[in-house]
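Number of protein chains: 2
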Amino acid sequence: MKLKLLAIVGALMLVACQQSAKETAIIEQPENQGGFPFVLPDEKPNRQMSAAMERIYTDYAAPQPQNNELFSQFKYTEMKGFDYNDYDGTISRRDPSKVLLHNGKYYIWYTYRNTPTPPQGAKKCNDTIPSSDWDLADIWYATSTDGFNWEEQGVAVKRPEKPTVGWRSVTTTDILEWEGKFYLYYQGFMEASGKRGDDCPVAVSYADSPEGPWTPYNKIVIPNGAEGEWDQYSIHDPYPLVHDGKVYIYYKSDFGERPDLVRMQGLAIADNPLGPFKKHPLNPLITSGHETSLFPFKEGVAALVYKDGPEHNTIQYAKDWVNFEIASITELMPYAAAPYVPDAFTNTTDGRGITWGTAHFINATGDWSKFCSKLVRFDCDLSRDVHDPEMKEHRVKHKPDVYYRQGLSKAQKERIAKQNEALTKQ
Amino acid sequence: MKLKLLAIVGALMLVACQQSAKETAIIEQPENQGGFPFVLPDEKPNRQMSAAMERIYTDYAAPQPQNNELFSQFKYTEMKGFDYNDYDGTISRRDPSKVLLHNGKYYIWYTYRNTPTPPQGAKKCNDTIPSSDWDLADIWYATSTDGFNWEEQGVAVKRPEKPTVGWRSVTTTDILEWEGKFYLYYQGFMEASGKRGDDCPVAVSYADSPEGPWTPYNKIVIPNGAEGEWDQYSIHDPYPLVHDGKVYIYYKSDFGERPDLVRMQGLAIADNPLGPFKKHPLNPLITSGHETSLFPFKEGVAALVYKDGPEHNTIQYAKDWVNFEIASITELMPYAAAPYVPDAFTNTTDGRGITWGTAHFINATGDWSKFCSKLVRFDCDLSRDVHDPEMKEHRVKHKPDVYYRQGLSKAQKERIAKQNEALTKQ
Chain E
1 MKLKLLAIVG ALMLVACQQS AKETAIIEQP ENQGGFPFVL PDEKPNRQMS
51 AAMERIYTDY AAPQPQNNEL FSQFKYTEMK GFDYNDYDGT ISRRDPSKVL
101 LHNGKYYIWY TYRNTPTPPQ GAKKCNDTIP SSDWDLADIW YATSTDGFNW
151 EEQGVAVKRP EKPTVGWRSV TTTDILEWEG KFYLYYQGFM EASGKRGDDC
201 PVAVSYADSP EGPWTPYNKI VIPNGAEGEW DQYSIHDPYP LVHDGKVYIY
251 YKSDFGERPD LVRMQGLAIA DNPLGPFKKH PLNPLITSGH ETSLFPFKEG
301 VAALVYKDGP EHNTIQYAKD WVNFEIASIT ELMPYAAAPY VPDAFTNTTD
351 GRGITWGTAH FINATGDWSK FCSKLVRFDC DLSRDVHDPE MKEHRVKHKP
401 DVYYRQGLSK AQKERIAKQN EALTKQ
Chain Y
1 MKLKLLAIVG ALMLVACQQS AKETAIIEQP ENQGGFPFVL PDEKPNRQMS
51 AAMERIYTDY AAPQPQNNEL FSQFKYTEMK GFDYNDYDGT ISRRDPSKVL
101 LHNGKYYIWY TYRNTPTPPQ GAKKCNDTIP SSDWDLADIW YATSTDGFNW
151 EEQGVAVKRP EKPTVGWRSV TTTDILEWEG KFYLYYQGFM EASGKRGDDC
201 PVAVSYADSP EGPWTPYNKI VIPNGAEGEW DQYSIHDPYP LVHDGKVYIY
251 YKSDFGERPD LVRMQGLAIA DNPLGPFKKH PLNPLITSGH ETSLFPFKEG
301 VAALVYKDGP EHNTIQYAKD WVNFEIASIT ELMPYAAAPY VPDAFTNTTD
351 GRGITWGTAH FINATGDWSK FCSKLVRFDC DLSRDVHDPE MKEHRVKHKP
401 DVYYRQGLSK AQKERIAKQN EALTKQ
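So the sequences go chain by chain: E and Y. In terms of this note's numbering, the first sequence has 247 at position 247, counting the first letter as 1, and numbering is strictly consecutive. In terms of this note's numbering, the second sequence has 253 at position 253, counting the first letter as 1, and numbering is strictly consecutive.
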């Protein structure tokens with residue numbers, strides 16, 4: 001009897017619990033509570049409030065963005081020191097790694113393409129003509145002492161001979177420092193991107209110094225999923241951090257069928273940099289975004305989530321490194337953001353956040369016949385140690401031309417004219 | 001005993017319920033569920049999922065933005081037919097009303113300032129020199145048959161003689177149609193904006209036709225709150241809709257002290273357009289945004305929320321017209337958006353949504369010495385009757401110059417150089 005009662009009460013409470021999350025009934029006028037106070041309380045006041053007002057005290061670190069350490073605007077600066085061959089589409093740099101500080105110098109690695117022509121698509125590509133912007137690429141690196149002026153150092157990891165993993169292209173790398181050694185993880189293409197989709201597993205090279213030389217492991221280190229699984233074709237943007245004494249690699253996969261291609265992010269964990277990596281059973285962990293951009297924050301991990309999906313334009317936080325919640329909503333975020341994360345590899349439980357990094361502009365000139373991408377620096381204040389009020393402005397101010405550039409297409413104008421005619425000729 | 005058991009179980013369930021909302025423990029590997037499926041299910045799959053994956057099935061109308069009726073991009077088009085005196089700052093148009101369709105013509109009303117000089121601030125203003133862009137303004141109107149080309153018709157509501165409400169300026173109006181009559185609600189200033197803050201209550205005028213003539217009620221129709229309440233100084237952006245057989249007026253108030261000025265939105269309800277209006281006891285109902293922009297949607301009401309606050313850049317929805325939830329996250333939203341809402345006044349319980357409206361660009365030239373604002377048309381697909389895939393693109397594509405315009409300030413460059421020096425000279 002007691003068990004039966006327990007079951008019934010439990011079921012009722014569960015139903016109530018689910019309902020309270022999604023459906024809030026109109027609350028009758030609270031007695032004697034007066035109007036909401038003129039100065040917004042920092043802490044949740046003891047009064048009946050609307051769902052939205054409840055939320056600013058429960059869902060965010062502070063009720064106003066400027067007091068939320070995980071809210072920031074983003075500022076952009078050209079990175080000097082790179083030649084793009086007059087942006088004719090034959091040289092491209094994109095998908096940078098996190099910034100590594102080593103012996104007083106900043107290092108970044110990135111996808112470098114230098115081909116006789118701009119990308120020609122999967123049907124026209126061959127052994128020297130690239131299909132996509134990241135086809136037939138190698139991994140290059142550059143150094144800087146101020147983060148604005150860079151010196152390109154040349155190749156770090158060259159694509160190997162066929163049929164070794166990455167023979168067609170090695171791209172979209174990221175760096176790990178582990179027990180005094182350095183590991184570059186990257187996408188290892190074994191066919192031109194666009195043949196079926198953008199298919200690849202993850203490969204890795206290692207070195208005793210950020211300067212190299214880099215020894216290729218020459219084996220797949222994070223394999224694609226089984227047939228029918230979300231990551232069966234692609235493991236993109238491997239992004240290593242150290243947590244809980246282990247190597248945590250977040251990654252993206254493209255899945256589903258065009259035009260409803262979906263991009264989400266998962267996690268693979270290993271005790272050692274060369275694996276074996278075990279994929280997290282709750283993958284995908286982030287449902288939106290386009291590339292992986294994470295950093296330790298307090299005891300958890302924060303992620304920049306941009307471009308794709310229902311929760312684009314957010315900064316998210318997972319206290320347990322797995323279950324992400326929206327920490328803030330922002331705009332004009334960097335794409336392929338790869339921050340300088342001082343505590344990326346320190347196994348920290350007190351992550352301090354980030355203030356800058358590099359990212360990329362896709363199709364930098366806007367000319368599709370000369371398609372190339374370029375690196376760009378971004379700055380922000382997602383750091384617990386910096387307090388920059390200019391970064392905490394609620395909004396980006398654009399001039400009218402920025403809006404007008406987002407104009408109606410011919411098809412849209414026709415649709416509107418037709419609907420309009422029906423209404424005004426009634 | 002049973003009661004005691006009930007109480008204990010209830011308490012335990014409540015704790016569990018609260019925890020599940022905010023803190024999700026790492027879930028042990030689910031047995032035999034395999035990787036997430038390659039094609040994103042439309043309905044929530046029966047498997048253990050991460051918090052973010054759960055959320056896309058519970059918090060949004062569809063797991064992907066393109067299938068969410070309350071997600072849209074926004075497109076912008078110049079409105080023709082308005083003269084701005086070469087943008088010298090002496091003529092300004094801003095804060096348009098909803099678009100009203102009447103006898104085959106579209107009507108909008110808006111704040112119109114025509115003054116000998118641009119705004120000079122509260123200290124330098126006088127009876128003819130304006131303090132702010134919306135000081136010494138009247139309400140004008142314009143008509144159109146296509147929504148792109150407009151004919152300005154002149155004044156609708158002139159500011160009255162001192163000391164009648166609105167004698168200093170009448171601004172930021174919106175339209176109600178109710179039982180064959182028309183009501184313009186507006187901010188009625190009785191001192192120049194900027195003297196203390198931006199202080200005003202709401203006034204109203206009425207007419208038998210959108211063409212006027214307009215009879216001023218000459219009394220405050222929505223008063224400010226009592227001392228110490230959030231809306232004690234300002235009732236901005238009165239925005240009437242008809243719901244539940246009543247007049248629902250959403251409004252904004254500024255509250256708190258600079259620089260932490262807060263903008264939120266509340267609701268006042270009346271049985272008749274001239275009041276009395278009763279403020280909703282759960283106000284504020286929307287915690288973010290800058291102006292009020294709402295429309296009936298299904299049985300509830302949707303709101304465009306932009307510019308200010310933790311939940312800017314969202315579209316929100318309240319099934320009960322009171323408790324708003326985030327329905328989608330978007331970007332480059334129109335400011336002071338005032339849509340064409342065909343069912344604004346029909347007492348609908350099956351709101352169809354919106355596809356276009358007007359908005360404004362503040363300081364249209366960017367020159368602060370010639371400060372004026374201008375009207376702009378926006379288009380979107382937040383309609384259940386239109387399906388425009390171009391409006392459902394996940395993201396706005398900007399060229400690099402749009403990012404570079406958001407550059408670092410001198411103070412920021414100095415901060416960065418200093419921090420950088422400390423790191424690279426170690």
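A hint or two may mislead.
If chains are identical, the list can't say which one is meant, so a pair holds when it fits in one copy or spans any two.
[Said to hold, decoys possible] Pairs of lysine-lysine residues, derived as DSSO-like cross-links and limited to a Cα-Cα distance of at most 27 Å, are as follows:
(1) 319 - 44
(2) 374 - 413
(3) 307 - 425
(4) 413 - 399
(5) 413 - 162
(6) 374 - 246
(7) 123 - 413
(8) 319 - 374
(9) 425 - 319
(10) 181 - 399
(11) 413 - 279
(12) 195 - 425
(13) 80 - 219
(14) 124 - 181
(15) 307 - 105
(16) 246 - 279
(17) 307 - 162
(18) 425 - 80
(19) 374 - 397
(20) 195 - 181
(21) 105 - 418
(22) 392 - 158
(23) 399 - 307
(24) 44 - 425
Simulated from the structure, these hints should not be mistaken for lab results.
Evaluation of the provided hints:
For the homomeric pair residue 319 and residue 44, the shortest alpha-carbon distances inside one copy (21 Å) and between copies (24 Å) are both at most 27 Å. Taking identical chains as interchangeable, the C-alpha atoms of residue 374 and residue 413 lie at most 27 Å apart only when they sit on different chains, with a minimum of 22 Å there against 34 Å within one chain. Neither within a single protomer nor between protomers do residue 307 and residue 425 lie at most 27 Å apart by alpha-carbon distance, with minima of 41 Å and 37 Å respectively. Taking the shortest alpha-carbon separations for residue 413 and residue 399, both the intra-copy value of 24 Å and the inter-copy value of 23 Å come in at or below 27 Å.
For the homomeric pair residue 413 and residue 162, neither the shortest alpha-carbon distance inside one copy (51 Å) nor that between copies (47 Å) is at most 27 Å. For the homomeric pair residue 374 and residue 246, neither the shortest alpha-carbon distance inside one copy (33 Å) nor that between copies (56 Å) is at most 27 Å. Proximity of residue 123 to residue 413 under the C-alpha cut-off of 27 Å is found in neither arrangement, the shortest distances being 34 Å within a copy and 47 Å between copies. For a Cα distance limit of 27 Å, the shortest separation of residue 319 from residue 374 qualifies neither inside one copy, at 34 Å, nor across copies, at 46 Å.
Proximity of residue 425 to residue 319 under the C-alpha cut-off of 27 Å is found in neither arrangement, the shortest distances being 58 Å within a copy and 34 Å between copies. For the identical chains of this complex, residue 181 and residue 399 are neighbours neither inside a copy (48 Å) nor across copies (39 Å), given an alpha-carbon limit of 27 Å. With identical chains, the CA atoms of residue 413 and residue 279 are never at most 27 Å apart, being 48 Å at best within one copy and 41 Å at best between copies. In this homomeric assembly, residue 195 and residue 425 never come within 27 Å of each other (Cα to Cα): the closest approach is 51 Å inside a single copy and 48 Å across copies.
Taking identical chains as interchangeable, the C-alpha atoms of residue 80 and residue 219 are never at most 27 Å apart, the minima being 36 Å within one chain and 63 Å between chains. When the C-alpha separation of residue 124 and residue 181 is checked against a cutoff of 27 Å, the pair qualifies neither within a copy, at 41 Å, nor between copies, at 66 Å. Proximity of residue 307 and residue 105 under a CA criterion of 27 Å is satisfied in neither setting, with 31 Å inside one chain copy and 39 Å between copies. Taking the closest pair of Cα atoms, residue 246 and residue 279 come within 27 Å of each other only inside a single copy of the chain (13 Å); across copies the shortest separation is 56 Å, beyond that limit.
In the homo-oligomer, the alpha carbons of residue 307 and residue 162 never lie at most 27 Å apart, since the shortest distance is 34 Å inside one protomer and 53 Å across protomers. Within a single copy, residue 425 and residue 80 get their C-alpha atoms only as close as 58 Å, which misses the 27 Å cut-off; across copies the closest is 21 Å, which meets it. When the C-alpha separation of residue 374 and residue 397 is checked against a cutoff of 27 Å, the pair qualifies both within a copy, at 24 Å, and between copies, at 15 Å. Proximity of residue 195 and residue 181 under a CA criterion of 27 Å is satisfied in neither setting, with 36 Å inside one chain copy and 64 Å between copies.
Taking CA atoms no more than 27 Å apart as the test, residue 105 paired with residue 418 passes between copies only; the shortest distance there is 15 Å, against 61 Å inside one copy. For the homomeric pair residue 392 and residue 158, neither the shortest alpha-carbon distance inside one copy (41 Å) nor that between copies (40 Å) is at most 27 Å. Both within a single protomer and between protomers do residue 399 and residue 307 lie at most 27 Å apart by alpha-carbon distance, with minima of 22 Å and 14 Å respectively. Taking the shortest alpha-carbon separations for residue 44 and residue 425, neither the intra-copy value of 53 Å nor the inter-copy value of 45 Å comes in at or below 27 Å.
Hint check: violations occur at hints 3, 5, 6, 7, 8, 9, 10, 11, 12, 13, 14, 15, 17, 20, 22, 24; the rest are consistent with the structure.
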